[in-house]
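Undergrad: What follows is the residue order along each chain.
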Amino acid sequence: MKLNLKFAGVAVAALLAGSAASAQDVIGYITKSATNAGWMMINQGAADAAAEEGVNLVSVGPAFQGDLSSQLEVFENLVAQGAAAIAVAPVDSAGIAPAVNDAMGAGIPVVAIDTGVAGAEVTSFVATDNYAVAKVQGAVAATLVEDGQPIIYVTGNQAQSTGQERRNGFMEAFAAARPNSEILEVPTEWNSQEAQEGVEAILNSRQDIAMVANAWDGGTMGAKAALENLGYGAGDVKLVGFDGAGDAIAAMDEGWVHANTAQMLYQMGFQGVKAAAAAARGEDVSARIDTGFFLVTPTTSGVYKDMVGIE
Amino acid sequence: MADVSNPQAKNNLQDRIVLGLVKFFKAEWSGAFLAILILGIAIELASSGRPFFHPSNLMTILNNSAAIGIVAGGMTLVIITAGIDLSVGSVMGMTAALTGYVASFWGFPPYLAIMTGLGIGLAIGAFNGSLVAYFGMPAFIVTLAGLSIWRGTGHLSTGAQATPKLPETFDYFGRYNPFAGLRDAYKEGTLTGVWERIGAFVDDNWINFFRTFQMSMLIFIGFFILLTIIIANTRYGRWVYAIGSNEPGARQAGINTPRYTLITYMFCSFSAALGALLFLGRAPYAKSDYGQMWELDAIAAVVIGGTSLFGGRGSLWGTFMGVILLKLINNGLTLAQLDTFWQMVVTGLIILVAVGLDIVRQSGNPESVRKLLGAIAAVMAFLALMTPGAIFLRAKIAVLEHNASVDLREAGTQLAAGQNARLLSPDEISQFQTAASSNLLAMLLLLALVIAACFVVLRTSRSISFILAAAFIAMIIPLVLLGYQITVPFLVLGAAALLGSAFVHALFAKARTLDVNAA
Chain A
1 MKLNLKFAGV
11 AVAALLAGSA
21 ASAQDVIGYI
31 TKSATNAGWM
41 MINQGAADAA
51 AEEGVNLVSV
61 GPAFQGDLSS
71 QLEVFENLVA
81 QGAAAIAVAP
91 VDSAGIAPAV
101 NDAMGAGIPV
111 VAIDTGVAGA
121 EVTSFVATDN
131 YAVAKVQGAV
141 AATLVEDGQP
151 IIYVTGNQAQ
161 STGQERRNGF
171 MEAFAAARPN
181 SEILEVPTEW
191 NSQEAQEGVE
201 AILNSRQDIA
211 MVANAWDGGT
221 MGAKAALENL
231 GYGAGDVKLV
241 GFDGAGDAIA
251 AMDEGWVHAN
261 TAQMLYQMGF
271 QGVKAAAAAA
281 RGEDVSARID
291 TGFFLVTPTT
301 SGVYKDMVGI
311 E
Chain B
1 MADVSNPQAK
11 NNLQDRIVLG
21 LVKFFKAEWS
31 GAFLAILILG
41 IAIELASSGR
51 PFFHPSNLMT
61 ILNNSAAIGI
71 VAGGMTLVII
81 TAGIDLSVGS
91 VMGMTAALTG
101 YVASFWGFPP
111 YLAIMTGLGI
121 GLAIGAFNGS
131 LVAYFGMPAF
141 IVTLAGLSIW
151 RGTGHLSTGA
161 QATPKLPETF
171 DYFGRYNPFA
181 GLRDAYKEGT
191 LTGVWERIGA
201 FVDDNWINFF
211 RTFQMSMLIF
221 IGFFILLTII
231 IANTRYGRWV
241 YAIGSNEPGA
251 RQAGINTPRY
261 TLITYMFCSF
271 SAALGALLFL
281 GRAPYAKSDY
291 GQMWELDAIA
301 AVVIGGTSLF
311 GGRGSLWGTF
321 MGVILLKLIN
331 NGLTLAQLDT
341 FWQMVVTGLI
351 ILVAVGLDIV
361 RQSGNPESVR
371 KLLGAIAAVM
381 AFLALMTPGA
391 IFLRAKIAVL
401 EHNASVDLRE
411 AGTQLAAGQN
421 ARLLSPDEIS
431 QFQTAASSNL
441 LAMLLLLALV
451 IAACFVVLRT
461 SRSISFILAA
471 AFIAMIIPLV
481 LLGYQITVPF
491 LVLGAAALLG
501 SAFVHALFAK
511 ARTLDVNAA
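Respectively, the protein sequence lines represent chains A and B. Under this note's numbering, the final residue of the first sequence carries the number 311; numbering is consecutive throughout. Under this note's numbering, the final residue of the second sequence carries the number 519; numbering is consecutive throughout.
20 angstroms max Cα-Cα, derived EDC-like pairs, lysine to aspartate or glutamate:
id, chain 1, residue 1, chain 2, residue 2
1, B, 510, B, 367
2, B, 165, A, 253
3, B, 165, A, 228
I should point out that these hints are in silico values taken from the structure, not numbers from a laboratory. In this text, all values refer to a predicted model and were calculated from it rather than measured experimentally.
Next up, chain B with everything else stripped away, as it sits in the complex (with noise of 0.2 angstroms):
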């Protein structure tokens, strides 16, 4: 509309990039969008092997994101109408536990055993949603009585025992790939023709691209498009909005808001069904014990997505994005091979970035987002102090726990075995004090580089953000000497946050100047 209305914002290229950015960010996807973004790159950079950004890559993390992804879909629908749904990963872990039971102990043919599971999860969705609809519980309190009712369940009645084995059919459902018979019948040799020729292609490119287009992935994205197009089009999507928002409100406007708060609660249960079903196409075998803390995980890909958990706002394809960015968190700082310990510091920081990102976005103010790149920039100091400064302080603690160590012993006070691996000979003494002044130095020029960029998160002109940006490339000159090369990638960041930072009220007086002449 905007390009008709206004040609000259048809013809600016410059203006054309603010109109795209401002719509970007208006999407409520695009926060966790970014978060995927920067981890990839941050990934790809420390990763050795296969580029991180490749297909098939991508599709594992897509095949690995399927399950937890279609339960967090039905968790989305649940949080925009203000309610929660705890229970998800018990109904999981049973669905998949007694699916996997009746299909190899029963003899329950496959698609028998599939309809038992979704008809479960309908149905503790229905026992869910009635006591919430109807009764008037807290959903939080239904659910968490729920979330131990149907683990309990689950292991009662399968004794909490593995299935040996599942039907292949079930194979449809996670690791099936389309392609594989293809393949096979052109290593036979049975094909002719265009499809010899589609078969020969196939099998080239099988380890770098087919061998993970598998059914996982394919059925996560259509349950997303599906849901998607219901929720935008029907009345039903429209209702779930409106409760979340307002439920007396849309009570009085004549919807019917228990039904609908019924129905959300059977599809949110019916989801984690369905999920059940793609867990056991890539699982060895159906176990009750599966599931465990999905909700949590479901709940954090739907927040990380931008949707409220008071209810009323909220998107799908920032769930799609969340879950992504949660299963990618997993796969890039394995294949990064980085610390368990640190894993987890790391994912718990990229979930808050992430928050944070969508935080600022919602805001639309650009001294928030202007802060926020402030924020970057005394982040990214801080990362780069943090390589001469962790050894400095590892060194000082060492002989400072030696030193006390021998103070209580002097003292005649009896150490314990680990307080005795404490002590340090020598030369370990010596070691750790070269190490300690060797690194003073850079350490105390990257201090104040945080410290000064810490002051411009709070106050700031343009020139002053210029004048830093310049001080963090050429703060790299003396660190290279130094022999911190490690830190050059963290303080070009810095630099290229602190210089968006001087442009950012620019860009959004422009974005408004447009948006007024759009509309």
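Only chain A is shown next, with the shape it has when bound in the complex (with noise of 0.2 angstroms):
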């Protein structure tokens, strides 16, 4: 008896020791999805982030894109390790805030990456402005199509604010631009089936829409998919997308896609857990750091191709 409780202590004092001699902080990362294309490249630039702090961190995903209650568990987990601060990137901006209440309560710093949350103070939110970027491609669009052609825009999960800021920008934008085209909606929750058959639907009732602008990449290759099953040839009906993803890239370059406002993504993983990681080390952090766009057109797609690394 004696000799296992010397032990037990013998064993705690180890492990003291071995987390003072690497003095790691534990930078909790809460991903919306780990499958998603333009997802991967955020995280790749969250563990860059990590690797250049030298902080150890804990990346999980929710179950399946889109699932809140999983990724609360995660996030009251981390809380409970004692993770030094928690990057996250919301499923739903309302729902995740009570739990970031409790987080930034117990003093623990949060910083939220590409979506914001509603209804509670965060560290830091890291994220391309979604609804001036928006507003960019509503105009860009604009100029693609003459006054009074129709088009199609596929819109992303309307009860986030990422869904909302991308909509209404677009929207202001091109109604300003062109106000007598009329904009059929898809509505999708960021789903590229829902995108591909709300497409076809339209597409197949309707010969005169010009164009299909698409909330997010995913959205695009569903657009795309579906004028190849109506038979359309590239450059027939104009594609128009949003995220700059490897697929609609390359998409353009075959003449499908005309103009596509890429995010920063891999800048919103490592600026993201790069403010994590400073804000644990109790340095001051930027309230709102935007992480900026880049616009890719069929000239400048080259340029976008060297700077994110599509070969």
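Take the two lone chains, each set in its own frame, and fit them into one complex as the hints suggest.
TA: Structure, rendered in structure tokens:
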């Protein structure tokens, strides 16, 4: 018995010594998806930032894209395990708020990535200004069609700030430039199958659609499949994307996609985790970090591909 | 048979209509079919542009139903054996991803990749089926575990990366159009004689008809025809029903129930794999996150189609209709450009209505049918009520929220940004107040109709139904005068439902005498 206790004491001391020696802060990183092409770039940026900062990054994703309950659970677990800071990409801006409040209350800094938190303070919000970029997307899209030509807009999840801001920004800028063009909407929850089926249904009932603009590049690829299913060729109906994902840029080279507003996805993950690590060390972090965007068109696609490393 | 033994039935048109109705409602798919018809008409009225019941639109719906339809076909058999398979969505996603993966990264020729995919399906089915049939584990748990296992395996084995490009062979499962070659040849002018005339016909009607005539749809229909024939004509088919209605009894009767349960689960996973191939034929790339939530859609389609979740009863054509109904909801609501959040609400309501129709149909009780028709009239009156009602309520709520914010502020509470947005300018307040008062009368009139219709659901006589139907029609005049033309179709439909409800008992009595005569 005595021996056992002594042994336990040694073990605990060894553990403490070990942790003091490495002195690695544990940063929790809760991603929105581990399988979406865009999110994999963000996650890569997060991993690289953690390596650079020398922190221990614990990444966890939801069971499936859009699963709030598993994200809340993971959040609580990270708080309980004593993470030094948490970087989170909320699947639901309002739904995550109570968990964020609890963590901030317990003195754990929280950095929101890509999607903001509604109803709770965060240490920093690292994202593209979706609304501003969507306005650029809408204005560029307007130059591709004539006034009066109807278009389709594939929305993202309208219960989320990212989806709302992208839609509102696009609608405002496009409608201002092309007031007589009808905008038909295909609602989705970031699901390319919904995009494909909705675009196919509308294209099939009307022959006058000039363009399909999309709130994200999964929608762009779904819309491209819909065009192929109906026997359209590249350029017959113009596509406009959002995200600058690799497959959409490849489709641009083939003549399908005419414009794409790329977020600096890698930067979002990279700067998000850097901000979290800095906050964990007690440094001051800017409350809003804008990671910017890049307008990809057939003429600038080469520059963009070099920049983000698409072959 | 009825016609031969009872010459009167043959001659009397009215009797034949009644018999036809009885036969229609005895079919398990009639509930879903009716829901499709009603929904289609509603969308037709609501949407502009090309008619909803246009062949090319219907074929688009069939094309997009194909993949999930085949998955639901396999699910139907499992559910008839009183089992469940929650893993179909994950199996579909994993097969789609792996098939695409071996085709584009391992250089497998397409046919070998396809065989690999189908083989994976069979293997997973054998795994699920053995655990359920031979180890006695609950199907719900085995396949719930599978839902997670196979999704994870799919992500792991492909790195959750999309395949860059699928071989063209996959188009034969999806977007391939049998007439495309003919049309191309016609355009090049290489056709002669009769073929040239056919080519010209195809080209003229390309957009209207032939463009959407694709393999997805053909495989989908062919699969269901084949499966129906197998189930109706083989021992296996009879035993599936026997296992579902009374498993111990089936075993005592000498049926090797574990073996047939195993086969059923294998078939279900095989269908999921086949569904994956059909999906690849229309999708932009192969990826392991395909098929999320498909298990729920497939189960919904099966249940909407009149198959009992407790096993032993159900039909494949019901499932066929159920799948089409689900896809039709998406397609139709998109074409009608309904607001996103309303689409969610309406989708759920339509599913409830379809299943409700089926339950009433199965009960075979005239009183339930009468109550259903009464309820439909009440719902129609309610929908009409919502037009002025929504404006009235929104105005009242806006003013109420404004007052609450003002009270809070006067009490010295710090208001958050969202709460401040609820404050109104004096102009807005007066606008809302006029909106509320100008809608009050129409709302009260319609509210009276709703209450009367609800009362009729509980208790009625034929004359009361007539009187209320007349009241529905009469109400049109004041409402149109008040400027609510939009409520007219609802009121007409409500009146029709009430008139119908007055004749339900007579119709059932007639059908019964005819049935007795026939027997």
